[in-house]
Structures are given as structure tokens and as C-alpha cells.
Amino acid sequence: MLDQNISRRNFLRGAATTTAGLAIGIDLVTNKAFAAEPAAMTLPNPWLRIDSDSITFVLDKTEMGQGINTALAMIVAEELDVDLEQLTIENAIADRIYTTHSDLGAQMTGGSSSVRNAWQPLKIIAATARQMLTHAAAKEWSVDPAECRTASGMIYHDKTGKKGSYGAFADAAGKLPVPAPKFKDPATYRYVGKATKRVDGNAKVTGQAKYGIDTVIPGMLSATIVRCPVFGGSVKSLDDKQAKASPGVKHIINTGASVAVLADTYWQARQAAKLLTITWDEGDLAGLSSDKIRQAFIELAKNDGKVTREDGDVKNHEKLAAKTIDAVYETPYLAHATMEPQNCVARVTSDSCEVWAPTQTPGVCMEVARAITGLAPEKIKIHTTGIGGGFGRRLVADYVAEAVTLASEVNVPVRVLWSREEDMRHDFYRPISYNVMSGGIDQSGNPLFWKHRVVGPAILAQFLPHAIGAMMPPWMPPSISKMMGKFTGFTFHGLKVDDTSTEGAKDIPYKIPNILVDYHYADPGVPVGFWRSVGHSHQAFMVESFIDELAHLAGRDPYAYRRELLAGHPRNLGVLDRVAKEINWTSPAPKGVFRGIAQHACFGSFCAEAVEVSVSESGEIKIHRVVAAIDCGPIVNPDGVRAQLEGAIVFGLSAALKGEITIENGQVKQSNFHDYAVLRINEAPKIEVHIIESTQPVTGVGEPGLPPIAPALANAIFAATGKRLRKLPLSLVVRNP
Amino acid sequence: MISFTINGESKSTNVDPETPLLWVIRDHIGLQGTKFGCGMALCGACTVHMNGDPIRSCSVPVSAVSGQKITTIEGLAKNGLTEVQKAWLEHGVPQCGYCQSGQIMSATALLAKNPNPTDDDIDTAMSGNICRCGTYPRIRAAIHTAAKNMKHP
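Line order of the protein sequences matches chains A and B. Quick note on numbering: our numbering labels position 340 of the first sequence as 340, and the sequence is numbered without any gaps. If you want our numbering, it's the 1-based position in the second sequence plus 737.
Treat the hints as calculated values from the structure; they're not laboratory data. Fair warning: there could be bad hints in the mix.
Not everything, but these chain A residues come out facing chain B in the computed CB check (under 7 Å) [what the hints assert, rightly or not]:
{"no.": "1", "residue": "K204"}
{"no.": "2", "residue": "T265"}
{"no.": "3", "residue": "H690"}
{"no.": "4", "residue": "I691"}
Mimicking DSBU-like on lysine-lysine, the simulated pairs with C-alpha atoms at most 30 Å apart in a straight line are [what the hints assert, rightly or not]:
{"no.": "5", "chain 1": "B", "residue 1": "K815", "chain 2": "B", "residue 2": "K850"}
{"no.": "6", "chain 1": "A", "residue 1": "K139", "chain 2": "A", "residue 2": "K163"}
{"no.": "7", "chain 1": "B", "residue 1": "K748", "chain 2": "B", "residue 2": "K815"}
{"no.": "8", "chain 1": "B", "residue 1": "K806", "chain 2": "A", "residue 2": "K210"}
{"no.": "9", "chain 1": "A", "residue 1": "K511", "chain 2": "A", "residue 2": "K581"}
{"no.": "10", "chain 1": "A", "residue 1": "K197", "chain 2": "B", "residue 2": "K815"}
{"no.": "11", "chain 1": "B", "residue 1": "K823", "chain 2": "A", "residue 2": "K194"}
{"no.": "12", "chain 1": "B", "residue 1": "K823", "chain 2": "A", "residue 2": "K686"}
{"no.": "13", "chain 1": "A", "residue 1": "K622", "chain 2": "B", "residue 2": "K850"}
{"no.": "14", "chain 1": "B", "residue 1": "K815", "chain 2": "A", "residue 2": "K123"}
{"no.": "15", "chain 1": "A", "residue 1": "K194", "chain 2": "A", "residue 2": "K306"}
{"no.": "16", "chain 1": "A", "residue 1": "K123", "chain 2": "A", "residue 2": "K292"}
{"no.": "17", "chain 1": "A", "residue 1": "K184", "chain 2": "A", "residue 2": "K250"}
{"no.": "18", "chain 1": "B", "residue 1": "K885", "chain 2": "A", "residue 2": "K686"}
{"no.": "19", "chain 1": "A", "residue 1": "K250", "chain 2": "B", "residue 2": "K748"}
{"no.": "20", "chain 1": "B", "residue 1": "K885", "chain 2": "A", "residue 2": "K194"}
{"no.": "21", "chain 1": "A", "residue 1": "K302", "chain 2": "A", "residue 2": "K323"}
{"no.": "22", "chain 1": "B", "residue 1": "K888", "chain 2": "A", "residue 2": "K197"}
{"no.": "23", "chain 1": "A", "residue 1": "K197", "chain 2": "B", "residue 2": "K823"}
{"no.": "24", "chain 1": "B", "residue 1": "K888", "chain 2": "A", "residue 2": "K686"}
{"no.": "25", "chain 1": "A", "residue 1": "K686", "chain 2": "A", "residue 2": "K658"}
{"no.": "26", "chain 1": "A", "residue 1": "K250", "chain 2": "A", "residue 2": "K236"}
{"no.": "27", "chain 1": "A", "residue 1": "K210", "chain 2": "B", "residue 2": "K823"}
{"no.": "28", "chain 1": "A", "residue 1": "K686", "chain 2": "B", "residue 2": "K850"}
{"no.": "29", "chain 1": "B", "residue 1": "K815", "chain 2": "A", "residue 2": "K210"}
{"no.": "30", "chain 1": "A", "residue 1": "K159", "chain 2": "A", "residue 2": "K184"}
{"no.": "31", "chain 1": "B", "residue 1": "K885", "chain 2": "A", "residue 2": "K622"}
{"no.": "32", "chain 1": "B", "residue 1": "K885", "chain 2": "A", "residue 2": "K197"}
{"no.": "33", "chain 1": "A", "residue 1": "K184", "chain 2": "A", "residue 2": "K162"}
Coverage of chain B stretches by chain A, computed from C-beta distances (three or more under 8 Å per stretch; other residues unrestricted) [stated by the list, open to error]:
{"no.": "34", "region": "802–809"}
{"no.": "35", "region": "852–861"}
All residues carry an ideal CB built from backbone N, CA and C; glycine is no exception.
From just these sequences and the hints, can you work out the full model?
Shown next, in the form of C-alpha cells:
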């Protein structure tokens, strides 16, 4: 967490003045690696800049659809006392000052952390600025600042009838000492807590919003990169004669593990790439298949893994159970399939590097650019563009490394743009997992033991220094990869052990006296990465399905069973009770309609979902309605929270019903939306979102809506058919293996 | 030389006639509201109108639009916003927004043909447009609102 104890000395430093106007910053003491030293304050005006004609809020979080631009601007507008429309919102460049991400210690957006992390600092920044402006006005008017009031960017002294805009006092305010912030009374809030329209809505309905793909730099070339379809393969031989002669082609670069075609336009590069004749050395993963991976996991699961949770004594209670149940749960690799394919523009000269990237992690882009160009950070400028969906994919900067490398090579600006096929086949996938579960109940039906063995790869093991391949394209020379390892370790200093592999499984909240969760690290070599709600996204499926299995084993109602086992967990209970109430759980469902329920907490937020389904004779699953309840502390923008829940549910349903990446001969079989299907509008259910009023600390909402949906659906399918589906994607139709 | 009308303006191009309309619109004409999503007419992000009908510009060679009238998201509103765009704002539809140009083009074409669409009509007309952010429930609601407001502006 951020150290909220911001010293006056540090604040003063943050409130450095520019030549004109008032610029307010804050020193965010995060952790040892990133404790902001004076030299680290490279930007005089990190967050808020007020001058005579504009008020600029610098957004250091990536807006990727989650509405963080709106939510954070609302906080600023509230405490600064301006209209939301008066704020100009500018995307922050990469700079150590923005190391605000509490979990990973880097400038990045993920982990449902933005509002959680920014809430207090932005309040302090905006409230302090308002006070300084007020004091400056009062001084000029020779009145008591306590008699002044502010509204919509204006300062008023009603007794004398004096008034002036913030801009008029910005210069004077910049010369004043920094006071301790005085916050607004929440009862007088205009924005925070009120449903507010997105600040970028107009741009997004008129086609004016700019994304990474819209970056145009004069003279830039467009690059298409042909990568080895087998992960880890390399170029054995290349014949590029025909491609070279293709219209518009300027360069063909054999990087060793891939071939890049650079042409005047994307389409020319794409066409020329088809003319390349490449033979590949397929490397170590040739022959890898989903079936082989599964067999290896099955073997591993026969032995004990590394214990990540142990309560009581499972071993000695297994035999004492009145009834037991054994189950195997499986989830596949999943692609992110962001609507905007990966892309990046870079311009590199001998003493400068400029990057335009649709990224969730400008901090990592900076390190990538440093490693490749050897330039000092002050010579590198990373611009975060608008981004067409993130979902965790853009936490990896592989495509940035590609653009910077190629731009360094050819000395003209280069745009790298991936095709959908490349995006699908060279993703950093949600980890596959194989789970062996067993549970038992006592004579009265209460759970006696719970055993969960997880087998699968670990994200951070790839993401962090030792397997820097996850950060860099596979064709990066080893020397650079090694260097990157060092930088990455630095960037992610403060990171704790990787618990993404069993998160959601090891933190099961139910009252069960004997629990054993263990884990086998098994990495087949397929790149894995962060995927909306990470480990929770699949572990909640196992846990919330299996607790349902225990409820049915005990002959109990799944909602009532959960309720009893959640005693002492008021927030889990709060959301569970709310969805049960809203879906009328205790009243019969309409004829032919069946219900399932699930709850899961992650990233500090609590969410429950209930689903109504019907199943046709042929096994077609129709979802009629989803009811969700979320408790994420006090709300900044209720409409944003609703939108995130709706979005997480639709994203989660795509995974629950459709998503599956399979491996054949070391390569991804799927290539586009015809064989990697996602939910479409005709399959989208009605979604109702209920927000729990809460005075708990502010948490996030981008991810917590996702985990409960797959198990709620699987539980509803069980209610409808008596069939327990333990494998994602859920299907009642027998599939070919 | 291939000539066509885009948003009421005549344009000529001498690019390879096989070049998809999408790339001519984006890279040659410089209108970037139309997006690249899949390149195979599977996601709808590149939807534009040809003579009022929705087409997937990523899979239509520019030669096929010779002499035709093309409309992109930039050419939708004569001034201000259309009822569809207004409804999109009213319902807070966009999240990342990347697919929304295509969604709005498909919805606009639907409402031009069917001023009173049912949910099933919407499903049929809109199922070619993928949204990964999951804005479908709001898209449906916004189309109903736009339909209502187009009748009683």
C-alpha cells in the first residue's frame, strides 16, 4: 500500500512550481526500491497543473475501457471544486514519479488497483491546490481565506463581492507555502458517489478517440513480423527475394527467430510477408500438444505438491468422513483477444527514443526501451495511447520491444502492427490448470475436509527475470534478455512470491476444519500472462463448483449451505444474500428455468452472482439473467462500477462457454474469432448489478466481477440437468478430445 | 484509378485494387475512426456503409466500391450527433470504445431499415459485431432508445 503519511517536506517538493502557474504533485512513498528521492522528482508537475487558461489533470493510469479516466478525474474535480468538463485530461508519460502501483511497484495499471491507490493521493493533491488558490485570492483581496468559497473553478468572497478564476491566482498560489489539505464534507459531494457519464464518451461515439493503432509519425514504416509458429523456434533459412521486390517494401530483417517486413503501408507489408519462404528450426517445443500437457499434469498430480494452505489435518480426517466426493477440474489456456491487436510505434535516434504504445505498463516499456537502446531514461519518452482493451495482455511489452528494436535498426520511425492471427497465436495466455479435488462431509452434512491439488504453470515465473522471455519477444538476443532480466527485477522490486497459481484456491473462506491446498509448478513452455482477475478467474470455478458439490452431497440448498459456512465473513455474506434476494432464490424459478449461485472475493472486493438458465433437449445452454452484487467499499462512479460488472460477466461468460486455446505441434491451433469464439450480443443475458453500500476502504472493480460467473453458471447447469461440468469451456455436448 | 464517394466527398486512388477498403480509408484517406479487428469479417470493428448497407471494410477490396457511396463513422452526423450516437452516450455504452464505431454503423443501418426493432432483430443485425468489454446489454438498450427518439425526436 501507499504510505499515506506524506511529509510536508515531500509535499513541498512535489508542489514544485513551474515558471508560471501552480503545479501540484505528491511524493508517493511506495517501497524501498522506489522511495522517491529528490532526484526522482524529474517532473515538476506530475498530476495537476493550473495556469491562466487551463486546468490539466495528468492521468498516470491507462484508460483501457474501465473508465479510470472518468473516476480519477471525478475525484480531482470534487476536491478541487471544478466542473468535470473544466479538466483537461492528459496521459502521463513514463516516469518513476508515477510508481503508484502498490502491488507490483511499477507504473502500471492492473490488479483492480487504480481507485484504491489513487483515491487518497488525488484527494490530497486537489484539496491542497484548492486551498492554495483560495489563500492566494484572499491575500490579494486582503480578506480572511476562511470567508472565501469556491465553485466551478472560481473563488468568491461574498462579503466584498470579489471573485476570480483559479487561473487568475495560479501564479500567486504557486509561491505560497503548502498547507495541510482540508477535504470537502462528503455530504456536499457533486461527483463522487454519483453516476457520471464518461469523459471520453463523445470521442468514442464519433470515431475521434485515438488508439495506439491510430498513431501516425511522418515517415514511419509499417512492419509485419512473421514469427515462428512454434513457441521458441527460430529461422533456419530465409528466401526473401520475392518479398523484397514487392511494392512498398523497404527492409526485410531476419532477427534470427522471426522475419520482419517493413513497408510504406501495413497492407504492403502484409502482402509481402506472404511471399517470404522461411524454413523454421522448431526448437524444443516442437511436438508439444494439449494432450501431452494434460498427460504430464495427470502424472504430476499423483504426488504431493507444495502446500499453500493447510488447516487442521486432512490426512487423518479423510477416512472419518460420512460421505466423500472426488473430482477433477480442468481449465484451458485462454487468449485475451483484445479488440485492438497489439501494436506500437517507435522512433529511435542515436540520442533519443520515443515510443507510442497502447500499454498497461509504461514503466516496463521504459525499461524495455532502455535495455534495447542503451539510452538513459531522460532520453526516452514513452507515450501511453488510448487502448482498445487490455485485460492484462498489455502488461507485457513484447510488441514494444519489437518496435524499438526495428526502429533502432532502420533509423526511421516504425509501426509494428499485429494481425489477429498473430495476436491469437503469440499471446501470453491464461495458464492452463489441472485440479484434483476431494472433499468429505460429516454425519450432519457439514464439511469435514477439503483437498485441492493444483497443477499448472506460474505467471510470475515467466514474467520475472529468470524467464525474461515473457517480457521480450522470443527473438531477442540473449545478451539483451539477460540485461532485461536485471531491469525487470528492478522494475518489479518489492514483488512477493507468485501466488497467482493458487490464489482463489488457497484463500477459500468457508468454515472447513481441515483444508489442504497444494501446487505443482509445471510449465510446458507456452507463454502465460495476467488475464482479467488472474488466478481467481479459474480457481473460483473450481472452489465455487466444488462447494456446490458438497452442498448437494449433504442434500442441502447451495445458498443456505454457503451462508452457514461463511459465518464471520460479513462482506462475503452481504453480497451472497443480496443476489439471493434479488433473484428470489427462495421462490421457485419460472418453469424450465434453473438457478446457480456463487460468490468470490478478490483484490479486496467481494462479489456474488446468480444465474438463471434453461437447457434445451439438445444440450443448448441459454442464460436468461445474471444478477450480481458487489462490495468494493465507497463508490466513485456507480455507473462505472455497473459497467465493469457487466463487462466482467460478459468476458467471464466467453471463457465459461467458449474460450479454449489448444496446442498442436508446439503451436496454437486457433487463429481468429471463427475458431476462438467469444460471446456475441445474441448470447448476452440480461445483467442486473447491485452495489452494496459500504464504509470499508475503497477497493477496485475491474476484475472482481469475473470469477463468480463460471461457477454460478456451472451450478445452474447442474440444477437444470444433474450433470456436473468440471471442465471449461462448459458444454453439454460431447466434444472431441 | 478507382473512384468512390466517402462521406459525400469524391476520392480517387491508384492503390493495388485488391487492397481492402479498410486500409484505403485508414492509411490513404486518413479517416481513422474505422478500426482493424480481425481482417476476416468476423468482428465488425471495420463496419462502414456502402449505399447505406453495412459492410466489413477489412474484407472488401477497394475495387469493389468503385462508383459507390461509402459512409464511415466520421460521416454519420450532418451536424452534432445522430440519435444513435446520442443514445450511446445516454446509456454510457462505450468502454474501451474500439469496437463502437462498427457497432454504431451496424445499429444505424439496422434502424434505417427497421425503425422498430425487437430484441431478436437487434441480435440478428448486431451479432456480427464483437465487443470484448461486454457492452452488449447497453447496446441493446441504446438501440431501443434511439428507435424511440427517431420517431419522436
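Between K885(B) and K686(A), is the straight-line Cα distance small enough, at 30 Å or below? holds, 20 Å
Chain B contact restraint on K204(A) - CB to CB distance below 7 Å: holds, 3 Å
For K511(A) and K581(A), compute the direct alpha-carbon distance and say whether it is at most 30 Å. holds, 23 Å
CA of K885(B) to CA of K194(A), is that 30 Å or under? At roughly 27 Å apart (the allowed maximum being 30 Å), K194(A) and K885(B) satisfy the hint.
Pair hint K250(A) and K748(B), alpha-carbon separation not exceeding 30 Å: Measuring from Cα to Cα gives roughly 27 Å; hence the hint holds.
Restraint check for K815(B) with K210(A), where alpha carbons must lie at most 30 Å apart: Holds, at roughly 22 Å.
Can the restraint linking K197(A) and K823(B) be considered satisfied, given a maximum Cα separation of 30 Å? holds, 12 Å
Check whether the Cα positions of K815(B) and K850(B) lie no farther apart than 30 Å. holds, 19 Å
Pair hint outcome, K823(B) versus K686(A) [Cα-Cα no greater than 30 Å]: Holds: K823(B) and K686(A) sit about 22 Å apart, inside 30 Å.
Please check whether H690(A) passes as an interface residue: C-beta within 7 Å of a C-beta belonging to chain B. violated, 15 Å
Given the proposed pairing of K184(A) with K162(A), does the C-alpha separation stay at or below 30 Å? holds, 22 Å
If you draw a straight line from the CA of K302(A) to the CA of K323(A), is it 30 Å or shorter? Measuring from Cα to Cα gives roughly 22 Å; hence the hint holds.
In this structure, the earlier hints numbered 3, 4, 14, 15, 16, 17, 34 are contradicted, and the remaining ones agree with it.
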